[in-house]
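Participant: Protein chains in written order, with numbering that gives the first Met the number 0: chain A, 0 to 254; chain B, 0 to 505.
Simulated from the structure, these hints should not be mistaken for lab results.
Every value quoted in this text rests on a predicted model; they were computed, and no experiment measured them.
Hints may be right or wrong, so weigh each one.
Said to hold, decoys possible - Straight-line Cα separation of at most 27 Å, BS3-like style, residue types lysine-lysine; simulated pairs:
| no. | chain 1 | residue 1 | chain 2 | residue 2 |
| --- | --- | --- | --- | --- |
| 1 | B | 330 | A | 200 |
| 2 | A | 200 | B | 131 |
| 3 | B | 304 | A | 18 |
| 4 | A | 198 | B | 324 |
Claimed, not checked - Which bits of chain B does chain A cover? Going by a derived footprint, with three or more residues having C-beta under 8 Å, they are:
| no. | stretch |
| --- | --- |
| 5 | 304-311 |
| 6 | 323-336 |
| 7 | 342-349 |
Claimed, not checked - Which residues of chain A face chain B? A few of them, derived with a C-beta cut under 8 Å, are:
| no. | residue |
| --- | --- |
| 8 | 15 |
| 9 | 32 |
| 10 | 125 |
| 11 | 127 |
| 12 | 187 |
| 13 | 197 |
Backbone N, C-alpha and C fix where the C-beta goes; we use that ideal spot for every residue, glycine too.
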Amino acid sequence: MTGLRILVGVKRVIDSAVKVRVNSAQTGVETANVKHSMNPFDEIAVEEALRLREKHGQEAVPEIVALSCGPAKAQETLRTALAMGADRAIHVKTDDALEPLSVAKLFSKVVANEKPNLVILGKQAIDDDANQTGQMLAGLLGWPQATFASKVEVNDGKLQVVREVDGGLETVSAALPAVVTTDLRLNEPRYASLPNIMKAKKKPFQTVTPADLGVEIRARLQTIEVVEPPKRQGGRLVASVDELLDKLRNEAKVL
Amino acid sequence: MLATARRRLFSAQAARWYGRAARDGRFKTLGRGDVERLRAMAAPETVLATEAVGGSADAAELEGFNVDWLSKYRGSSQLVLRPKTTGEVAEILRYCNSERIAVVPQGGNTGLVGGGVPVHDEVVLSLRNMNKVRGFDEVSGILVCDAGCVLEELDNYVAERGYTMPLDLGAKGSCHIGGNVAANAGGIRFLRYGSLHGSVLGLEAVLADGTVLDNISTLRKDNTGYDLKQLFIGSEGTLGVITGVSVVTPRRPSAVNVAVLGVPSYEGVQRAFRLARARCGEVLSAYEFWDASCMGAVLGHQGLKHPLAGEHPFYVLIETSGSNKAHDDEKLAALLEELLESGVVEDGALAQDESQIRRMWSMREGIPESLGRTGPTYKYDVSIPIPVLYDVVGDIARRLEDAGLYRAGDAARPVRLVCGYGHIGDGNLHLNIVADRFEDRITRVFEPFVYEWVASHRGSISAEHGIGQMKRDYLRYSKSPEMIAYMRRIKDVFDPNHILNPYKVL
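Could you put the whole structure together from the sequences, leaning on the hints where they help?
Facilitator: See the structure below:
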């Protein structure tokens with residue numbers, strides 16, 4: 000296998016451990032002063048790229064590039080990818096809200112410039128749960144796609160991916176170049192080590208704008224309202240089976 | 000004098016080896032009449048009485064109150080009372096005091112020295128039904144609550160208002176704030192927020208004769224004579240039953256960083272601590288360490304991934320908490336760089352998100368449980384001056400080796416692990432010895448040696464766990480005869496009939 004050049008997508012999202020709250024205007028969730036981190040599925044994507052290199056060697060995987068689209072703070076997420084072990088970072092800087100199609104277009108332009116032959120993305124980001132970017136990118140590029148990967152192997156220019164599907168496992172194979180999106184059980188991401196964090200500071204970091212890439216960011220969706228799910232009513236204790244039956248019949252009306 | 004000391008020592012060991020303290024015949028054995036009277040003082044569902052004393056509860060229902068969570072101490076109480084109000088507690092104690100019925104107050108039953116379970120047939124007075132928040136001042140951050148509130152639930156309550164409880168410990172999901180105060184619990188926030196002697200502003204306690212001592216102050220400053228509440232903090236239920244607590248809570252930090260470091264020597268652990276204080280002092284919120292044996296146990300039992308690429312003799316968890324992430328990040332990054340470049344630490348990992356922070360903490364917090372799952376564990380919780388803190392681990396390992404009971408990695412020997420972890424910043428070591436079973440020939444090797452060792456360095460035989468039943472015979476290693484005599488006089492003042500938590504502490 001010669002020259003597997005990997006592009007990994009990473010998105011800055013509200014940390015998975017944070018309890019999200021709807022903002023008072025009900026136009027979205029509260030993001031100010033809320034902890035943000037790398038989308039967990041993207042961490043898995045970075046880890047998988049690093050593992051492919053560890054398995055096949057530096058020569059076989061000469062470059063791992065991390066790409067993020069978003070505001071200035073997306074830099075932090077790219078720094079994390081570099082600290083995990085990616086070689087360089089590209090930041091497409093924009094304060095516009097990005098829908099999956101816009102992101103897929105930006106990625107396709109970067110792919111045209113960078114010429115990777117494998118793009119690994121998280122299957123979805125935990126903020127909008129869209130699960131569309133990988134598929135749209137494959138469509139725009141005309142590349143094969145292997146989504147929800149729980150195992151990835153690359154041999155002789157061929158990609159083999161195991162996917163978790165209802166009731167079992169499905170194995171698909173495709174020729175490179177291709178797009179892979181990662182599922183939760185693909186791997187367990189590593190910690191960013193101190194030596195790598197220090198090295199990351201010296202790694203190439205490139206910032207471009209959507210205009211540089213010739214992509215116009217346009218919103219195709221309009222958010223009308225964001226509301227919290229209804230609050231769960233507390234349980235009640237009943238004193239006897241008869242009372243329970245009575246409540247089921249007359250209050251809940253399920254009997 | 001030496002002979003006296005030795006004789007005392009012998010009797011102490013005998014007490015430990017040949018059984019617990021004998022039942023004090025001055026206490027009344029609970030009768031059906033007593034149970035009827037006590038039952039009338041509280042709601043029926045709050046009383047658990049065995050058939051032997053006229054109730055209908057199964058012995059199994061009382062098991063959770065009679066046995067401590069490590070299953071090390073077992074009492075045989077026939078009656079558990081779970082009152083809902085301070086008035087009920089007062090009425091119960093008044094009766095027990097007049098009848099000379101011994102009582103053991105119990106919180107979440109998460110103690111480590113057998114202080115919260117009965118030794119014989121004492122009545123268990125559980126505070127679990129007193130679990131209401133009484134008030135919270137969003138400006139001062141002062142919380143007033145019942146003693147039976149669970150620590151973690153209180154932390155969630157104040158978190159929603161932007162504050163944090165000033166203490167945090169592994170048992171937070173079960174332990175009660177009243178028990179924390181009675182035991183003067185320490186834990187992992189101690190370095191930052193200090194002792195409960197500082198953060199507890201007031202207490203409501205019921206004395207043995209039913210007197211309610213209402214000192215539930217919410218004042219930061221109050222210099223009006225003797226500060227009686229301080230006596231109850233760390234009294235382990237021997238002076239009164241704490242029913243309400245007022246505690247000042249700090250602002251919850253909005254930016255938290257956690258790193259785990261691999262350190263080549265204990266010397267390095269200390270040097271890194273000094274540097275951490277010098278470079279990050281005002282945001283440093285925890286500095287914990289553990290050795291390679293602990294790491295092996297915790298990774299094996301918790302299914303956690305090793306945070307670093309290789310093995311190291313010591314690991315350090317360092318946490319910063321502040322209000323400005325960029326500021327903290329920069330300081331911590333500079334510190335970590337300096338530590339790595341100077342060779343004080345060999346490797347390290349910095350958490351990149353909240354779930355990594357939690358996983359790193361669970362390495363440290365999972366140690367007691369992981370050791371427990373490795374085998375029966377002798378636990379010592381001692382304060383020792385930091386420079387010699389870890390020496391005791393090596394000294395005890397050597398004694399066990401000399402006795403032929405231990406050799407590192409030799410599974411045929413009865414002692415499997417001799418390990419240390421703890422709160423470096425507080426000079427607090429948790430010395431744990433994991434064996435195949437609790438055995439006198441093993442115990443003899445390090446008891447009372449460990450206490451003598453600690454006393455010879457003017458340390459404390461109990462840094463944060465208390466005395467309870469476990470260390471009662473060893474109190475003199477940390478307290479002089481004069482001090483113990485005055486502790487007894489204080490006990491006599493608050494509980495003249497000694498009905499509260501007998502056979503413990505003194």
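Participant: Taking the earlier hints as the rules, which of them does this structure contradict?
Facilitator: 2, 10, 11
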